[in-house]
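From just these sequences and the hints, can you work out the full model?
Protein chains: 2
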Amino acid sequence: MSLADDLLARNRAYAEQSFGGPRPLRPGRALAVVACMDSRMDMFELLGLENGDAHVLRNAGGVVTDDVIRSLTISQRLLGTTGIVLVHHTDCGMQKLRDDEFGDELESATGARPEFAIESFADPFDDVRRSIARLHASPFLAAKDEIVGFVYDVDTGLLHLVEPA
Amino acid sequence: MSLADDLLARNRAYAEQSFGGPRPLRPGRALAVVACMDSRMDMFELLGLENGDAHVLRNAGGVVTDDVIRSLTISQRLLGTTGIVLVHHTDCGMQKLRDDEFGDELESATGARPEFAIESFADPFDDVRRSIARLHASPFLAAKDEIVGFVYDVDTGLLHLVEPA
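Taken in order, these protein sequences are the chains called P and B.
With the working numbering as the guide, the letters of the first sequence map in order to residues 81 to 245.
With the working numbering as the guide, the letters of the second sequence map in order to residues 81 to 245.
Just to be clear, a hint being listed does not mean it is correct.
As the list makes no split between identical chains, a pair holds if one copy fits it or if it spans any two.
[What the hints assert, rightly or not] Quick list of in silico lysine to aspartate or glutamate cross-link-like pairs, DMTMM-like style, CA-CA up to 20 Å:
hint, residue 1, residue 2
1, Lys-176, Glu-187
2, Lys-176, Glu-243
3, Lys-176, Asp-203
4, Lys-224, Glu-187
5, Lys-224, Asp-133
6, Lys-224, Asp-85
7, Lys-176, Asp-235
8, Lys-224, Glu-185
9, Lys-224, Glu-243
10, Lys-224, Glu-130
11, Lys-224, Asp-146
12, Lys-176, Asp-206
13, Lys-224, Asp-86
14, Lys-176, Asp-233
These aren't lab readings, by the way, just hints derived from the structure by calculation.
Rendered as structure tokens:
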């Protein structure tokens, strides 16, 4: 079976058995979650949120990039969210990279070097703090009073609060 | 209760009752999903995937931006994914915006105008096709043979396959 047919069949089962009916466009808890793309994090489940509660933004690392600022600006100014929840995690792929080395690898594999930063980091707690600083530095966000950051432990399923430096 | 304490309490319940134990860093199905941040889409559930199966990348619209290319490059070259699944949806906030008007609103509210594109669109099917074209145009992705695009209907829970234009 093709990937498309497989996913369509799985989705039909979801629509018939689990879909809870339409929900409003605006997130019920007025939250936006910014998390790493890691496959081991089911964001609604591990935060104890319901479908419809929060926008979910995810990228490699859960880093606050321009695309995250773009998305949060729309989330806040168009769709009324006010709280921001950052989630990095232990055993992250971004800890296994270095920006310069990965740039070299890409250049030798493809002949091109990306203009974007790779955004690797050594410590997820430090990188949550860096991401929080980037949120505060953006002129575009409308609400910055409720920002919390966590590191998720992939071995225990537990979140750890990131305290300010 | 503060937002942090509320989420920590919900997460402790998850870790005690639902966490299924450690899983490998590499996604089990070698997939990366790129989807809109919309609060009504629980990606693993609506695609019938298990926790651990796929990287999940999300932003406003599910649009392929530089940050998505960055994340997919790492997903493929560091963590071995090969398939890419794009998911836009009906009733998207991005259909309610226009780049130029929203830029004007931001400038008058903040005094600054973003350097990034807002990435609004009128039709989610067309924008999935535009995003697929951006994947094919990137020099950095290692695997482009298995790319599928869907539009999720938020009223029925059903995915619709996006056929090439």
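To see whether the hints hold, each was checked on the structure:
1. Lys-176 <-> Glu-187: The answer is within: 18 Å in one copy meets 20 Å, while 39 Å across copies does not.
2. Lys-176 <-> Glu-243: neither (24 Å within a copy, 37 Å between copies)
3. Lys-176 <-> Asp-203: within (11 Å within a copy, 39 Å between copies)
4. Lys-224 <-> Glu-187: between (38 Å within a copy, 18 Å between copies)
5. Lys-224 <-> Asp-133: The answer is within: 19 Å in one copy meets 20 Å, while 34 Å across copies does not.
6. Lys-224 <-> Asp-85: This pair counts as between: shortest inter-copy Cα distance 18 Å, intra-copy 43 Å.
7. Lys-176 <-> Asp-235: Within one copy only: 18 Å inside, 41 Å across.
8. Lys-224 <-> Glu-185: Result: close only across copies, 19 Å inter versus 38 Å intra.
9. Lys-224 <-> Glu-243: within (16 Å within a copy, 41 Å between copies)
10. Lys-224 <-> Glu-130: neither (23 Å within a copy, 34 Å between copies)
11. Lys-224 <-> Asp-146: within (16 Å within a copy, 25 Å between copies)
12. Lys-176 <-> Asp-206: within (15 Å within a copy, 37 Å between copies)
13. Lys-224 <-> Asp-86: Between copies only: 18 Å across, 42 Å inside.
14. Lys-176 <-> Asp-233: within (17 Å within a copy, 38 Å between copies)
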